[in-house]
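2 protein chains.
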Amino acid sequence: MAEPTLRDVALLAGVSPRTVSNVVNGYAQVSPQTRAKVEKALEQLDYRPNVLARNLANGRSGQVAVVVPYLDTPYFAELLQAIIPRVRARGFNVLVDQTDGDRAHEAELIRRKARGFLYDGMILSPLGLSQADLAGRDPDLPLVILGERSSDGAFDHVGIDDVAASCEAVTHLLSLGRRRIAAVGDQPYATGEAAQRRTAGYRLAHERAGLPVDESLIVQTPRFNRVDGATAMARLLDRPDPPDAVFGYSDLVALGAIRVLLERGLRVPEDVAVVGYDDIEDGRYSTPSVSTISPDKSTIAEAAVDRLLRRIESRGPVTGEEFVVPWTLVARESTVGRGAP
Amino acid sequence: MAEPTLRDVALLAGVSPRTVSNVVNGYAQVSPQTRAKVEKALEQLDYRPNVLARNLANGRSGQVAVVVPYLDTPYFAELLQAIIPRVRARGFNVLVDQTDGDRAHEAELIRRKARGFLYDGMILSPLGLSQADLAGRDPDLPLVILGERSSDGAFDHVGIDDVAASCEAVTHLLSLGRRRIAAVGDQPYATGEAAQRRTAGYRLAHERAGLPVDESLIVQTPRFNRVDGATAMARLLDRPDPPDAVFGYSDLVALGAIRVLLERGLRVPEDVAVVGYDDIEDGRYSTPSVSTISPDKSTIAEAAVDRLLRRIESRGPVTGEEFVVPWTLVARESTVGRGAP
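Going down the list, the sequences are from chains E and C. At position 55 of the first sequence (counting the first as 1) the number is 588 in this note's numbering, and the numbers step up by one without a gap. At position 138 of the second sequence (counting the first as 1) the number is 671 in this note's numbering, and the numbers step up by one without a gap.
Calculated directly from the structure, the hints in this document are not laboratory data. Errors might be hidden in some of the hints.
Copies of the same chain are indistinguishable here, so a pair counts whether it falls within one copy or spans any two.
[Claimed, not checked] List time: in silico DMTMM-like cross-link candidates among lysine to aspartate or glutamate, alpha-carbon distance up to 25 Å: (1) Lys830 <-> Asp605; (2) Lys830 <-> Asp635; (3) Lys573 <-> Asp671; (4) Lys830 <-> Asp630; (5) Lys830 <-> Asp719; (6) Lys830 <-> Glu855; (7) Lys573 <-> Glu855; (8) Lys573 <-> Asp747; (9) Lys573 <-> Asp541; (10) Lys570 <-> Glu796; (11) Lys573 <-> Asp673; (12) Lys573 <-> Glu641; (13) Lys830 <-> Glu726; (14) Lys830 <-> Glu611; (15) Lys570 <-> Asp541; (16) Lys830 <-> Asp694; (17) Lys830 <-> Glu854.
Only a predicted model underlies this, so the values are computations on that prediction, with no experimental measurement involved.
Isolated chain E, as found in the complex (with noise of 0.2 Å):
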């Protein structure tokens, strides 16, 4: 059977096409007569309207891209479930992609001739992206940039201060007497400010403790996985100085340093007390329950709909904004122990 078209219903109607038109569009110039003939029509064809065709005679595609690097990170999935229903229902369809956190991926999102009019805004969550590369963005895309980095006015972004959160977790670590700890999850500066931004947190508790930083407690990682957490717990601990306190980049990060502390027979908080960062629900229910930096997330989804479609409705110009969210320290049994409330 072949798609019923809006001519096919004029026909059965015995009206004109453009009748019709005015009938599925909602317009006001049509009889209350002549809009039941039509919709009788419309029933009897079973005719669906082409959204997406209508959407684009008037310039939109009533879509909106989300991106995030990956979307098996248990963060990254939390974002989307709490952006998604939103933008819905805000009356956008949602077209959703990962990057891998490749920065070119990233850049060539933004660029101008990558869109094809498939998407009228993009909230995107970049991990490898700099700022010359948003400098080079199309002027012309709806974007809010979400994650760790300042946006100095130039672009819309929403995120919390990631330098102070990461204070706190580590001056949490040394308001309970730890001197030894290690920041698990620095990456080398090309790749990531996310990871750069809490060292230099880390880096700034002790500095206002007048505490010296051990350097070698920096340790890199490829990423801020469970696998990365416990590749760098277990080289840690076959140090002869082995850390009494790690600051892990993400609760993947000190999950999976857990469980290999655990694995060595260490106690957690009691030998090695560990904070993580996203406050994710797998830190709420392991044992010990994870300490953890917690993003107020649906202020973050709320923000970056909020602001993405502001920016789509406005025609003219539209100066960038930086909308910073709060987050809270979480203190649970891995670092205060069985105490913990």
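Dock chain C against chain E, hints included.
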């Protein structure tokens, strides 16, 4: 700046709009000299082809919808991570949605009028959808169903044999000498075929071993989440005759149960052995690591994408196909203790 059109490019290149269209669409009948002129004009004007409009002219959107109950459930997040790059590699963009496992929402998605040409096909992992809902689906919608149900050849379905897998998980617990095995995650008939197939496997294992089923050990939970496992476990431990093993209907249920067991000072597996389902990464790094049924997720993704694209590309009617994917039982610390591989 207004978006340049094909006509602008044609004017600048001194050719007809049809010639520009031939170049943009890669058709052969253009001389190298003309092609070069057009390409220069395209570059100069920074022309972007309207991919969607082009697809729509061919009766396609070039988009595929992938719909799961919850984006932030690790099993579905891992499945998406496996599916999306495979769909993208086949040249389609991916629309993602989540249904909260709501039957009405799932049924609406596969009805004729719902899609309005937004996508050329759908991969759907339903929770509540009934066989009757499936029978009433849009017959023209290329659709692949994932998860726990049988298709009887009426539609395309990719999944593992959940009854057999559940039976094996429970047989594993029986083989370790456990005789009071709780089944955590059952659901009333109307809600979840997934749950019922696991309960059927639980019963089958007892039957094969010639052992009676204690009906009071089959516990219903609202969903398959950590909180469900934790709540159910707490109630089971408050009984005068607590279980000596737990079959959790997901790894999340198992992880929630383990959290409560350890909190109460019980040893896993010595006092209570626990097996889960799904083989998500969490269970590999938790302490104890979680024994589980491991479905072959890349084969599921591969089969689903392959089947969907074959159906999109075929013109005539195609018979429904049942694709049964392999699984394995992975015995880890939560059942066999530290000696586990």
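Alpha-carbon proximity context of Lys830 and Asp635, limit 25 Å: Both: 24 Å inside a copy, 24 Å across copies.
Within, between, both or neither, where Lys573 and Asp747 count as close if Cα-Cα is 25 Å or less: Neither: 77 Å inside a chain and 57 Å across chains, both beyond 25 Å.
Within a copy, between copies, both or neither: where do Lys570 and Asp541 come within 25 Å Cα-Cα? within (13 Å within a copy, 42 Å between copies)
Can you tell me if Lys830 and Glu854 fall within 25 Å by alpha carbon in one copy, between copies, both or neither? Within. Shortest intra-copy distance 18 Å satisfies the 25 Å Cα cut-off; inter-copy 41 Å does not.
Should Lys830 paired with Asp719 be assigned to within, between, both, or neither, using CA atoms and 25 Å as the limit? Within. Shortest intra-copy distance 23 Å satisfies the 25 Å Cα cut-off; inter-copy 31 Å does not.
Give the relationship of Lys830 and Asp694 under a CA distance limit of 25 Å: within one copy only, between copies only, both, or neither. within (14 Å within a copy, 37 Å between copies)
Reference check for the pair Lys573 and Asp673, CA-CA at most 25 Å: within, between, both, or neither? Between. Shortest inter-copy distance 22 Å satisfies the 25 Å Cα cut-off; intra-copy 42 Å does not.
Checking an output row: Lys830 and Asp630, CA cutoff 25 Å. Within, between, both or neither? Intra 20 Å, inter 19 Å, cutoff 25 Å: intra and inter.
Please sort Lys573 with Glu641 into within, between, both or neither, judging by C-alpha distance up to 25 Å. Between. Shortest inter-copy distance 21 Å satisfies the 25 Å Cα cut-off; intra-copy 48 Å does not.
Could you figure out if Lys573 and Asp541 sit no more than 25 Å apart (CA to CA) within one copy, between two copies, both or neither? within (13 Å within a copy, 43 Å between copies)
Should Lys830 paired with Glu611 be assigned to within, between, both, or neither, using CA atoms and 25 Å as the limit? Both: 8 Å inside a chain and 20 Å across chains, each within 25 Å.
Evaluate Lys830 and Glu726 at a C-alpha cut-off of 25 Å and name the case that applies: within, between, both or neither. Within one copy, since 20 Å is at most 25 Å while 32 Å is not.
Violated hints, listed in ascending order, are 7, 8 and 10; each of the other numbered hints is respected by the structure.
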